[in-house]
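Use the sequences and the hints to build the structure in full.
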Amino acid sequence: MEFGRVKNFIDGEWVESEAKETWPIRNPALDIVIGEVPMSTDAEVDAAIRSARAAFPEWRRTPPVSRARYLHRLVQLLEERFEEMSVVQTKEHGKTIDESRGETRRGIENCEVAAGIPSLMMGESLQDIASGIDEYVIREPLGVCACIPPFNFPFMVPLWFLPYAIATGNTFVIKPSPNDPISQVKLHELIEETGIPEGVVNIVHGGAKAAERLMKHEDVKGVTFVGSTPIARIVYRACGETGKRVIAQGGAKNFLVVMPDADVDFTVASMMTSFYGNAGQRCLSGANAIIVGKDNAFYKRFIEGFVEAARKIKVGNGLEQGIQMGPLQSKDKKERVVGYIEKGVAEGAKLALDGRKIRLEGNLPHTCFLNPSVFVDVGQQMTIAREEIFGPVACIMRADHMDQAIDMIHASPFGNAASIYTANGGWAREFEFKVQAGNIGINIGIVAPMAFFPFSGMKDSFFGITHGQGKDAVRFFTETKVVIRRWY
Amino acid sequence: MECITAASVITYVSKIELDSAKLYEQWGKLHGQLRDSFEAFAKVNKKNEQRVKRAYYSVVSDALETGFCFKDLRADIVIPEFSKGASVSEVLNLAVSLERQIQDFYVKAANSSRALLPDVPRQMDKVAQERAKRIEQLQVMAPANL
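Going line by line, the protein sequences match chains L and P. Under the numbering used here, the residue at position 413 of the first sequence is numbered 413, and the numbers go up by one with no gaps. Count along the second sequence from 1, add 1000, and you get the number used in the numbering used here.
It should be emphasised that the hints constitute simulated quantities derived from the structure, not laboratory data. Any given hint might turn out to be false.
[As the list claims (entries may be wrong)] Think about it this way: if two alpha-carbon atoms lie no more than 30 Å apart in a straight line, the pair counts; the simulated BS3-like pairs of lysine-lysine are: (1) P:K1071 with L:K357; (2) P:K1043 with P:K1108; (3) P:K1071 with L:K314.
[As the list claims (entries may be wrong)] Under 10 Å between C-beta atoms, here's a sample of chain L residues computed to sit facing chain P: (4) G102; (5) D263; (6) S270; (7) M272; (8) T273; (9) G277; (10) K314; (11) I444; (12) G445.
Just so you know, even glycine gets a beta-carbon here, dropped at the ideal spot from N, CA and C.
Written out as structure tokens, the structure reads:
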């Protein structure tokens, strides 16, 4: 096993878990076991929380400018090990090396933004709210915060939160996804190298049980979660019951609307990334494309271009430079997607490209691979049009006009992202104004907000108030204290 | 080989710039009258390799179409074998031919990706313009003019 049994990082030490139960960590492209993750015991989760709690008072007293310096150092180390960090993601997740590098870059950007904490964390003040009396607001850290990230971006998603949490003076416990925890181990090795005090960051490996322990523990003051909507609801409820702050990001079913004036070549190229990037396993992936207008020739041209481009996608081991799509992260996840394809066929959608017929670059086991699928003439009530598939499957639908397309978007319970492809500024503005989705794309297929903007989400895609990244994350990880001051 | 992904194009650009830099260094050592110019070319090639790579690594992101951003781009530049017996005019002819291929590659790469990965084509345009000037320089360096 290339990476062995991963260890917990508690109170500045890498410690072997005593857990008997373990999960294999697999490289999905090669279908081999590359590591093993322990399902840590309750006592180990508690030890991580205790370590974070003990480190909090001193860390809180560390000036923001000094806390920021650890992040500056971390950025340096990440730049030096950029390729190593990216390769690990591809090995444990399966995504292409381009995608892993993108993930590493986005993670680093969050560290860079959070390193500006002396400015970001500033409060407000007003002199003479009454004569001789001043009032001001101070931002204070919460205490111990926990992070429960998903499998699909094992390196980046924790960095939507971790840098802001520690920069604002909180201490942190992360329970990485048991599917691909190695990226976080590698990241924390670098954090350790910055010389950060013991207990400020901690890793405890495990599954749902460890996550539940973190959510319910009275010493944890804030929880961030990214995953599916049913679990996001559970997290939101559990944290509410124990009085914690929570960011709970759920699933998605993102619509991409193609207006009749869209440039077909550009739109199709952009949509390939949106539907098939990361093998469709991201909450910003395109799921349903709606072609607007009654022009059958345009519709036909679009479908032909889309299917042809999807057919040509090179699928294989993401470590090969020319590969455009890697495998699904596991066999189970592939089987789930296959189930949706079967359901789509059974419900009468036309399967214009069947990704179950595997064509790979190179001699690789088919275990976790699917090629791109395209369904056309998809009805709004079909299961494949309504539920999150989380795989490389595109559903193409039609609408007579933009308002009908927007109604179709609003019929979905999700509201993570929506995009429009058009050359018409008026249509784009209307779309931006009307659509209830947290992230809107205009001629952009993956509406991934940069680190200095919040990663938004609406409806069943997000439970909470403030979001990850940027100023929203700073607000999430700080409590506001108001002081009114008078001197005699 | 066809290059489609940003990763494959960057790897290829890196190879072309570094291999051709090495060739210029060898040619420069072979013919004293070419040394200064060819050493300068080799230096610029290494700088280009870094510039294009930096453009890619600093914008690479899942919001950009890195897996799908290049089209109809063939990685088929032929880098000539170094030969100790090549005369000055043969070297210059080989260099012009090589530079034309490299310039053509950059122009095609930039054009196919302009809307999808803007920062990288911008760097490629700059390099292509430099290459056009270099071709003129090489043509002026014909033995009669040296």
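Against the structure, test the hints numbered earlier, and report the numbers of the ones violated in rising order.
Of the numbered hints given earlier, the structure breaks none, since each of them holds.
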